[in-house]
Amino acid sequence: MKRIGVVGAGVMGAGVAQCLAQHGFQVVLVDLGADVLDQARERIRLDVRMGRLLNNGPAELDPDLIQGTTDYDDLAEVDFVIENITEKWELKQRVYPRLDQICRPDVVFAANTSALSITRIAALTRRPDRVIGLHFMNPVPMKPSVEVIRGWHTSAETVRTAEKLLAGMGKNGIVVGDAPGFVSNRVLMLTINEAVCLVHEQVATAEQVDRIFTSCFGHRMGPLETADLIGLDTILYSVEVLYESYNDSKYRPCPLLRQMVDAGLHGRKSGQGFYTYR
Amino acid sequence: METVVGSRARSDIREFIQAKFPGARFTDSDDIFGLGFATSLFAMQLVMFVEQRFGFQVDNDDLDLANFRSVDAMAALVARAAPAAVEQGVAGGTGA
Chain A
1 MKRIGVVGAG VMGAGVAQCL AQHGFQVVLV DLGADVLDQA RERIRLDVRM
51 GRLLNNGPAE LDPDLIQGTT DYDDLAEVDF VIENITEKWE LKQRVYPRLD
101 QICRPDVVFA ANTSALSITR IAALTRRPDR VIGLHFMNPV PMKPSVEVIR
151 GWHTSAETVR TAEKLLAGMG KNGIVVGDAP GFVSNRVLML TINEAVCLVH
201 EQVATAEQVD RIFTSCFGHR MGPLETADLI GLDTILYSVE VLYESYNDSK
251 YRPCPLLRQM VDAGLHGRKS GQGFYTYR
Chain B
1 METVVGSRAR SDIREFIQAK FPGARFTDSD DIFGLGFATS LFAMQLVMFV
51 EQRFGFQVDN DDLDLANFRS VDAMAALVAR AAPAAVEQGV AGGTGA
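Order-wise, the sequence lines are chains A and B. To convert, note that position 213 of the first sequence is 213 in UniProt numbering; the numbers rise steadily by one, no gaps. To convert, note that position 34 of the second sequence is 34 in UniProt numbering; the numbers rise steadily by one, no gaps.
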């Protein structure tokens with residue numbers, strides 16, 4: 001595997017593309033708009049500098065390693081696809097049959113999703129045994145492990161292929177089964193949603209909630225700072241998916257979370273969430 | 001001895017950090033990451049602030065957390081890397 005297709009050039013897609021390129025893979029980065037690809041290039045440039053600042057990594061990346069494109073047909077020759085589009089079923093529903101037509105039959109599709117069913121995504125293709133979940137954490141280049149999700153039909157060979165790619169990216173996988181939210185988000189999203197409820201009910205401020213996690217539990221980051229980092233829009237989608245998947249009221253999104261998303265307060269990427277980033 | 005301009009660069013940096021962490025108490029020599037209120041992710045915001053405020057790009061060799069650990073360290077970096085930019089930026093920037 002040398003040439004990897006990365007679909008979606010948002011925060012996660014850009015991070016995946018950067019990490020792949022930093023480990024010598026050729027990347028075809030696809031998104032619908034040239035403006036999104038430009039933003040991704042700038043994000044990657046900044047993140048590479050951040051890697052230099054925090055880990056003494058290389059300060060520059062060979063720009064030829066990442067080919068940005070708006071044409072899905074450029075994925076025809078890739079060896080593996082990592083899909084990172086928005087966590088909306090209607091969007092996934094359109095993308096996967098298209099990937100299935102364009103890519104070689106042997107190519108594995110990895111959905112970088114935090115909540116959607118891998119089994120359901122796989123059913124959109126004619127290769128359900130070669131569809132797997134790779135839930136990367138943000139910021140991708142700095143996180144050593146990835147939650148790997150085995151769908152109902154995912155073959156052992158597909159799991160091995162994905163683990164091999166992850167090893168090539170300097171990461172290891174933790175393979176779990178396919179249930180809505182998997183392990184990570186079933187716990188994390190409920191925690192964040194409950195933290196937002198505490199702020200909404202004026203039980204505590206965002207700073208207080210986070211300090212209890214950092215100062216008392218020793219976590220590196222509190223749930224609301226984590227929410228800002230992930231993006232409040234992504235959090236809301238994820239909680240909504242959990243709610244719809246389990247039909248259990250414990251996953252009901254907090255009204256404040258919905259209101260903040262509607263108001264454009266999407267966290268770190270928008271400059272404002274529970275904290276200000278300007 | 002520090003110049004008036006250098007001293008104002010220092011106060012600009014301090015003001016930026018204080019605005020991000022209103023409750024934090026720190027001296028110019030304190031390691032702001034060691035004190036716990038600033039995470040390492042904040043370091044990149046400091047890099048971008050220093051570059052925008054003083055109009056220069058931090059050299060790759062200076063992209064080292066040690067240069068951003070304290071107000072003193074950042075003021076020293078700015079004075080070393082862009083003394084002219086400091087004069088110009090501080091003189092015209094604050095509007096004070």
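Warning: the hint list may mix true and false statements.
Claimed, not checked - Here are the simulated BS3-like cross-link-like pairs (lysine-lysine), alpha carbons at most 30 Å apart as the crow flies:
1) A:Lys171 with A:Lys2
2) A:Lys2 with A:Lys92
3) A:Lys88 with A:Lys143
4) B:Lys20 with A:Lys2
5) A:Lys250 with A:Lys269
6) B:Lys20 with A:Lys92
To be verified - Every beta carbon over 12 Å from chain B, so not counted as near; a handful from chain A, in silico:
7) Leu46
8) Arg220
9) Lys250
Claimed, not checked - Quick list of simulated restraints, FRET-style, between CB atoms:
10) B:Thr39 with A:Gly24: 26 to 36 Å
11) A:Asp35 with B:Pro22: 31 to 41 Å
12) A:Asp106 with B:Gly23: 22 to 32 Å
13) B:Leu35 with A:Arg160: 20 to 30 Å
14) B:Gly23 with A:Gly218: 14 to 24 Å
15) A:Val203 with B:Pro22: 16 to 26 Å
16) A:Gly218 with B:Ala76: 26 to 36 Å
17) B:Gly36 with A:Ala179: 34 to 44 Å
18) B:Gln57 with A:Gly271: 18 to 28 Å
19) A:Ala263 with B:Pro22: 13 to 23 Å
20) B:Phe33 with A:Pro97: 32 to 42 Å
Quick caveat, the hints were computed from the structure, so don't treat them as lab data. For each residue, glycine too, the CB sits at the ideal point set by N, CA and C.
These are the hints, each one checked on the structure:
no.: 1; hint: A:Lys171 with A:Lys2; result: 16 Å, holds
no.: 2; hint: A:Lys2 with A:Lys92; result: 25 Å, holds
no.: 3; hint: A:Lys88 with A:Lys143; result: 24 Å, holds
no.: 4; hint: B:Lys20 with A:Lys2; result: 43 Å, violated
no.: 5; hint: A:Lys250 with A:Lys269; result: 28 Å, holds
no.: 6; hint: B:Lys20 with A:Lys92; result: 38 Å, violated
no.: 7; hint: Leu46; result: 7 Å, violated
no.: 8; hint: Arg220; result: 7 Å, violated
no.: 9; hint: Lys250; result: 30 Å, holds
no.: 10; hint: B:Thr39 with A:Gly24: 26 to 36 Å; result: 30 Å, holds
no.: 11; hint: A:Asp35 with B:Pro22: 31 to 41 Å; result: 35 Å, holds
no.: 12; hint: A:Asp106 with B:Gly23: 22 to 32 Å; result: 56 Å, violated
no.: 13; hint: B:Leu35 with A:Arg160: 20 to 30 Å; result: 46 Å, violated
no.: 14; hint: B:Gly23 with A:Gly218: 14 to 24 Å; result: 20 Å, holds
no.: 15; hint: A:Val203 with B:Pro22: 16 to 26 Å; result: 21 Å, holds
no.: 16; hint: A:Gly218 with B:Ala76: 26 to 36 Å; result: 32 Å, holds
no.: 17; hint: B:Gly36 with A:Ala179: 34 to 44 Å; result: 36 Å, holds
no.: 18; hint: B:Gln57 with A:Gly271: 18 to 28 Å; result: 22 Å, holds
no.: 19; hint: A:Ala263 with B:Pro22: 13 to 23 Å; result: 22 Å, holds
no.: 20; hint: B:Phe33 with A:Pro97: 32 to 42 Å; result: 48 Å, violated
Checked against the numbered hints given earlier, this structure breaks hints 4, 6, 7, 8, 12, 13 and 20; the rest are met.
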